[in-house]
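Undergrad: Residue numbers (our numbering), protein chains in the order written: chain A, 1 to 579; chain B, 580 to 1163.
Careful, some of the hints might be misleading.
What the hints assert, rightly or not - Computed, partial: chain A to chain B, Cβ under 10 Å:
1) Ala53
2) Thr75
3) Gly84
4) Asn175
5) Gly177
6) Gly179
7) Leu180
8) Glu214
9) Leu225
10) Ala273
11) Ala285
12) Tyr406
13) Asp445
14) Thr459
15) Gly465
16) Thr495
In short, the hints are calculated from the structure, not lab data.
Glycine residues also receive a C-beta, built at the ideal position from the N, C-alpha and C atoms.
Okay, here's what each chain looks like letter by letter:
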Amino acid sequence: MTSPQRLVWDATARTRGWFVLASVTAVLGSAGTLAFPWAMARALDAVVARRAAAGPVLLCAALLALVVATGALQTLANGGYGSGTVAALRRSLARRALDAGVPGTAGFPAGDLAGRLSAGCAQAGSAGVTLVTASTAVLTSLGGVVALWLLDWRIGLCFSLGVPPLVLIARSFMNRGSGLFLRYQETQGRISALLLEALGGARTIGASGTAAAETRRILEPLPELSRTGHRVWALQRDTGWQVGLLIPAVEVLVLGAGGLALLHGDISAGELAAVVAYTALAMAALDQLDALFALGMSAAGARRVAEVVDQPVPAPGTRVRPAGGPGTVTLSGVTVRSGNRLVLDSVDLVVPAGTALAVVGRSGAGKSTLAALIGRLREPDAGLVAIDGVPLPELTPQALGAAVGYAFERPALLGTTVAGMIAFARPDASREEVGAAAGAARADDFITRLPCGYDTPLTDAPLSGGEVQRLGLARALVHDPAVIVLDDALSSLDTATEARVGSALASAWSDRTRVLIAHRVSTAARADLVAWLEDGRVRALGTHADLWQRDDYRALFAADTAPEGAPGHDTHPHTQEPV
Amino acid sequence: MSEAAPRPIDRHLFAGFLRQHRKAAVAVAGWSLLEAVPALASGLLVAAALDRGFLAGRPAEGFFWIGLLGAAMVFRALMTRTLTPWLGRIVEPLRDELVTAVAAGAVHRAAAGARDTAGAGVARLTVQVESVRALVSALLRSARQLGVSLLMAFVGLAALSAPVAAVTLPPVLLTLLLCAPRLRALARRQRRQLRAEEALTAAAGETFDGIRDVVACGARDRVADVLSARITDHRDAVRAVARTASANTLLVSLGSHLPLLVLLLAAPRLLDRGALSVGELLGATSYLVGGVAPALRALVSVLGSWGVQLATVLGRLSRSTLPARRTPGQAPGPGASPRAPRSPDLSLVNVGYAYGPGAAPVIDGLSLDLPAGSHLTVVGPSGAGKSTLTTLLAGLAEPDSGRLTLGGVPVTEVDRAWLHRAVTLIPQEAYVFTGTVRDNLRYLRPRARDADLLASATAVGARALVDRLGGLDAPVGLDGPPLSSGERQLVALARAHVSPASIVLLDEACCHLDPAAEERAERAFAARGTTLVVVAHRISSALRAPRVLVLDGERTAIGTHAQLLDESPLYADLVGHWVAATTA
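Extracted from the complex, chain B is given alone in its bound form (with noise of 0.2 Å):
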């Protein structure tokens, strides 16, 4: 279970599951035919008791087999004592594999930007894998007892008197083959009960997060009839199902009732012909009317219920774990071997990126060469591609056309991890996770020392907030203290400074620390001598950096400061915005 790796939910795990933990599955297989013997033993002891001993006028020996038959009941205790925590054993460890399982497939396609992943319908997969355990200990618990008792109840039936079983088995078997092709239906119609929830969930959410824009959009009324409509496309589909299990149980209590009704109308010729004694047919009814019937009825209704939803769940399961979509490099075409480029030196030559292959290009036709060591700010409207030149070069996408390379070799073809060593992004949106702030400021760096923390924490000026938080053993996340986005973006900001990266972007990272301190922090990455590249969410930053580059489609430049504001209108409005704006 220790498997970080992700892998979907599908036969082979449980395949594989079952091979690994096959003296458990083999123990509760023992130990459950053990626990039916008194399930075969009780009608047979109940027609001793009667024929040989209270209607033979022998009370004691009537207590006798009455006696043995508790003590049947006590050893299925036992057996049943024994069985339960190896059913423990089966379903804690098959939780283990399905959350991990949910766990990696999430992080894995979050981090390959899957966009599906956001929000917490992901973390509810989690919630999901609760109810898998819960169905799957309830039927190992009811179904499986449930299904050895009724196959005892017969043998045991058999036994007593073979012509009983002969002319009540038929129904049961009939009611078992009818039921099948008829469980696959309800599972359709709760499959189509649960996506009516889902679609009603995700309606619910956005409109109620929504209220206050709802409201001013006076739609209000209309809003609450599409609400109104989900709600009874759910409540259908709900019924839908009813009507299903309705028919079902219609089926099986007939099947389930039908063999005692055609043992009283045998039992006269069967006693003429000296075939039963009066014993043997009151333990045959105890057969019946406690062994098979109750036990077929729980069963279908158990695997109509939990079992149906237990296959609906993993299919959702199962699909949410599929692997993402090829993210480049792990997967290099024929004959590329990842390869370890000997220099940091970025160029990008025709570059081009569109989010879809109907979009219109974000990134067209950009060249740019970003040597070892040199500094670059991005600046533009919003919208104009900033963020999506980052991605490209983190080698988190694959650009669709042109040409990227690092030291001379494709992106996509560069060693993942030497890639992740040489390159360190910190996008807008800072990650602080749950662990100590030397867990959150090393990330990057695993053995780094506490005095290089604490350096880097300083240099970004984080050491105040370090120092408030407690030190580097403080805890942040889900133990730690509440913190602001411009807070969370000094801990990233101090990670990178620790990474032994050579090229850092920062990418808006710190839209929400006052200009100062943006103003100081920056400087610090400046100052660490390695490749540096700033989306700005101030202009104030072009101000600071050698070079400068303007990102707009068809007007994209690139210049000093001082060339710009000459050559660029579009660099020269935006600064001039920002200089009318402050001395207006």
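Isolated chain A, as found in the complex (with noise of 0.2 Å):
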């Protein structure tokens, strides 16, 4: 796997301009913080003795304005660094996941693809900040307490003294607080999903009229929560007061010694200031206990990145189809495996240029596979998919776009409006074009229905699972490649507006090559083949008249005795029933 340090590195190489800028305005910014201490001592020294101060003062000025200036630049430069990092790794996530594809994404749970892209880009993007800043603060501090060591060794050591328990306590609160935070992440985690849970019943409860003792129980983990919420204020108290007698521990110790110094001649009095000056400083490492929470979840972050960028992307072929091609598709000893089964197993078959066959089979026999594989949305794991004698490997992206198209079981609601939706695959179709598909596919009538018609935005459409195949028909329709394939993209219509497209679309495509994939039996009768699928073979091929003599094949029918009888229904987020 890409390791979460090369991406968030490959990014930064992206944005080289920002990131050296953030990086010399912090190393600056720290030397002019260093510097400013013992430069005050020298000015305060001259004022205290009445010699001319204004040489020091000047440089006091001019490292003031040093880090004044480093200080606004860095502020800048890590906005330019850190959302120049973030939108590189956000690119290449995207374009990863598109060019992987359905297989390579199918891994990944619905939504949890943009989470990377907009929470786990985030988290890793911020990586490059976090360490530029975080380090040279430490560096700063380190440099604070090697002053304390130079202006005066004891002064140094007393300090140093501070720093084991120091340590020591910071673990103890790493320890005792992970768990909490992890129990506390849960019981919100659980309130979020009891919360989304009741939103899907909303019609349920609408209906009921239960909405206020729904929210009771989905606030019914409120007061694990809040306990949880008490215990970590309990230890950040604990921990407070630990550090809280330490830091005057080691303060006291450190000042009495800078005045025993300052007694014996050792050092000046404008020194002891820069020695509270630098005790500030060194202190400040404690902050920086936070970059190391962030440094963690960046690395997470960048590992769910990571997991993306690493799918295999298929290479992109370099032909084009020829032109007027009729569309010929040809399988050649096709085979696909999911983990250890066998999906399609050495499959042949020809489906003659401006034909309609049906694949039909029993639920499992491989007949989505066989229809991904004709648009390869899916690459067989050996054998060969052609259209017209060109293996699809070899068609550039826009050849095999306009060679093959799709209508499926469940569309999903792509572009802004519903007019956007139709001509999706070509958005440069007019409206007519789009007002006709949308005819033949029957989808008219309740498009005019919606509150702004065609110009209704998607997500404000209510659509049942049928309007959106229907949708889906007419973005096919608009399409219009050479060969179409119909992945069960009638089931949800009832019977008699099933008749209706499937007649219109026959007409509209009369010369196209389709392939049907068909769970009713009025499907297959109307193709002009049947390829019968059992077990990832093809066991007949013929035309369903001719199959229709033999039982088993009619068996394969007998639980079709309910033509609306959609097996799985539609539960698309935009799929509602109307309300």
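Two chains, two frames, a set of hints: combine them into the complex.
TA: Below, the structure written as structure tokens:
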């Protein structure tokens, strides 16, 4: 796997200018901060001794100007560097997810990829800025310690005595804290999950008038959350108390040693002021504890990004399909495995140009896998799929897009409006073409009933599963490729609508090659040819009328006494029933 | 906090919260002042240690004053220790209050049919509440302490040397004055950044969930460009925030460093006039370097990051908990008080309904009588308004035109509690929640006996499922085994069968069951003897009903199966395709 460091480093390389500015300003700022107490000591001593103080005071002013300028520039550079890295990571993740396509993204649950793009990349991309700022802050603190040692070794020793107990306190806080934080997050996640569950039953809750009771049920874990929260506060109190005792002890030691050194003339009065300032700088390292947590989060985020970026991507081809090619689909020796299971077992099949082939078989026979192969939505493990003799891997993505199109059982709602969804495969389609396609797919009726008709935003469109299917069919009609694959694309339509849409599609696509994945006997009956899949092999190929003579073929459809019985109903979030 | 009624997150909520937790607020304020006493004393004690001790050749006295400084800091640690739990007593109840408001708001809005409550976006609200908690506690822990320290450092400085305070205070005050309006500009840009982030997440979610369709439409490059543009938008928004923040940093560090320079320039004159001793000069620098400058910088940066984020998140939460549009019956017109009908007879006269003002009506001029105990099956093409009809019958939406009455009372005027008892609607997406099987089954009749629950489960064909899950005490939902869509429907059907409702509306409630299971469930409801309206998923439901409504705009018709076969070509068509499909 690409390591988190590699990932962040590569993204840094793409925003090099900001990175350099952020690093340079951090280092300069740190140098200015460290030099200032020394310059201040000289100025104070000059003032106290009534010597000419203009030089040292001017030096102080110059150092402060440096600190001020680098501070402002660093804020700017951190913003530029952090946002540049995040954007670079997001671009590579988005591109890789799109290129990896269905097989590459199938392992990520719905919504997870978007989370990796927004949160994962943001966490990973902040690592660079955290590292630059935290490491210079720690270096500044170390510089403060060194300065104390240089001013007077006894002062340095007094400070250093306080370091080991501080480390112990910090470790005990992290140890005791992590369990509590985890418990807190789990309880809080449960409230989110309960809320999400209730929102899924909104219609039931509305009709039963149980919103108040549901709210109480969702909030049941709240007291537990509150208890854990109070325990976190108690932990903070204890840690704060320990640190609060240690810091005065160190400061009293340091100031005492400084006072004695002043008394013996080992240091000047101004240098004592510098001791106070360097002690504060050295103590500031404590603030970097948070950076440790942040780096841990960044590493976790980077790993989530790396999992996507490491997905294999099929190489795009370079050939174009012969112009006006008729659209013959050839599968030769195609084998697809899923784990140890053979989904398709060296299938040979030719779909002659311009014919409609129905693919039938029990669920799990490999029908949808076969459908996915034809448009290279999935790669075979062995064998070859070709269109008009050109193997799919050799076609350019553009040529492939023009050659094969799909309509699915559950089309995704892409585009912003209903019209945009229908024209998604061909955004230059005119409004007339969109309207005609919607008409053929019997979608224009319900579209005109939507709040803004064709311009209704998809997020505002109350669409049922059958309506979404018809939008998907209209989209395929506008796409109009040489080969059309209908993967159970009419399953949620009632029988009357299905028959009408079926005949409209047949006349619109009479010269196109069609592959129909079918559960219903009526679909098989309308096709020119039927391929019967069983256990990953073609059991029989012939016309529906011929195959219907066989008892085992008829038995395939015995369960189909329910013409509208679509197995597995639509659960897409956009497809709630109209309210 | 046990309030389950929705209320918006706004200034009234916070005002009420502070009133309720006045004691904690007062305690925090009091302990904060005590906590800052060492910040007040530090420079004074350093000056004394030098002037009276080390510089005067009396180390013992120097150690005494430094020891006193140590004691003061221990005192401060003790105050912090006492104070910290009080912060928890403000922050934890505040979180409780916000989570309650968010959950109640989301559930009530969703139940009222607000469409923006679908999906995970709303559940993320609880995460936003969490960031409010983190931000408020961070602000209370640092900004409070910083502000008080800043104040105390100045009081101490004034006590040590009034002239020094007089020359160093103006730059600090000026900085604070100049920063206030700039924080508002920062907040504006951060809100823009948040919107860009949300737009990006939404676009990415839509694209990745539909990646198969993107590939199938040959739209990879186009979609990648769209996403890339959103990514750039967000990056630019972040950089705009950084520009504003950078200008603020410049201003604040100037303001925090200037006082020291002013002191160094003024010191020779003050020393000459005897207005300042060497110890006092060093004490004053320790106030400025160790107290004022860091506190001022940290204060402005904390307010500029956490404070602005807090304001932004609160604004978001506030919008998402605004009350939903008026639901029928909640606020009946003037003079109309909720009424309880005398019978559950339903009657529709010329009822019409559309999704929006400009949209074509889904239901248009529908008239229908459903006396108590009647049984109706509704069929029609997808999208003909079958679901909408059940929504109207359940009183979840108001007809745009015509008259829909229950026992002679317009449905919108019927007492809500009465309506919820009398009408049960089971939608297609069955609702099973986290709890026991028993909790789920007696949802609509909380006092039902176990025997009744099991009898209803048996009647609708859910008994085997209940037994397999482990009986009525078995957990379902988050703590139970995953249920298939069909199993969830069985639970919802059993629940409706238990309910005391005299009108049951099944809106494709059996669509995930096989035909035999569907028939069994429908017959169980028909045998209850109450009004039953079934939106048919399969035409076979129509064959079992004494009356059938064919819903499809102008071709709407009502009658028996035999009548409709003769009179409604659409119905004949629907049945015909079904017959053809099964016997082809």
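Undergrad: Take the hints in turn and mark each one as holding or not.
TA: Evaluated hints:
1. Checking A:Ala53 against chain B: minimum C-beta separation of about 6 Å stays under 10 Å; hint holds.
2. For A:Thr75, the shortest C-beta to C-beta distance to chain B is roughly 4 Å, which falls under 10 Å, so the interface hint holds.
3. For A:Gly84, the interface hint holds, since its Cβ comes within 10 Å of a Cβ in chain B; the closest pair sits about 7 Å apart.
4. Because the smallest distance between the Cβ of A:Asn175 and any Cβ of chain B comes to about 19 Å, over 10 Å, the interface hint for this residue is violated.
5. At its closest, the beta carbon of A:Gly177 sits 14 Å from a beta carbon of chain B; the interface hint therefore is violated under the 10 Å criterion.
6. Because the closest C-beta pair between A:Gly179 and chain B is about 18 Å apart, greater than 10 Å, the hint is violated.
7. Taken as an interface hint, A:Leu180 does not check out: its beta carbon lies about 13 Å from the nearest beta carbon of chain B, beyond 10 Å.
8. Because the closest C-beta pair between A:Glu214 and chain B is about 5 Å apart, less than 10 Å, the hint holds.
9. Annotation: A:Leu225 was flagged as interfacial toward chain B, and the flag holds, the nearest CB pair being 8 Å apart, inside 10 Å.
10. Taking 10 Å as the C-beta cut-off, the interface hint given for A:Ala273 holds, the closest approach to chain B being about 5 Å.
11. The interface hint given for A:Ala285 is broken, as the beta carbon of that residue sits about 14 Å from the closest beta carbon of chain B, more than 10 Å.
12. Interface hint status for A:Tyr406: upheld, as the beta-carbon distance to the closest one in chain B is roughly 4 Å, under 10 Å.
13. The interface hint given for A:Asp445 holds, since its Cβ lies 7 Å from the closest Cβ of chain B, which is under the 10 Å cut-off.
14. Contact between A:Thr459 and chain B, as hinted, is supported at the beta carbon level, the nearest pair being about 8 Å apart and thus within 10 Å.
15. Nearest Cβ of chain B to the Cβ of A:Gly465: about 8 Å, under the 10 Å cut. The hint holds.
16. The restraint placing A:Thr495 at the interface with chain B holds, with a minimum CB-CB distance near 3 Å, inside the 10 Å limit.
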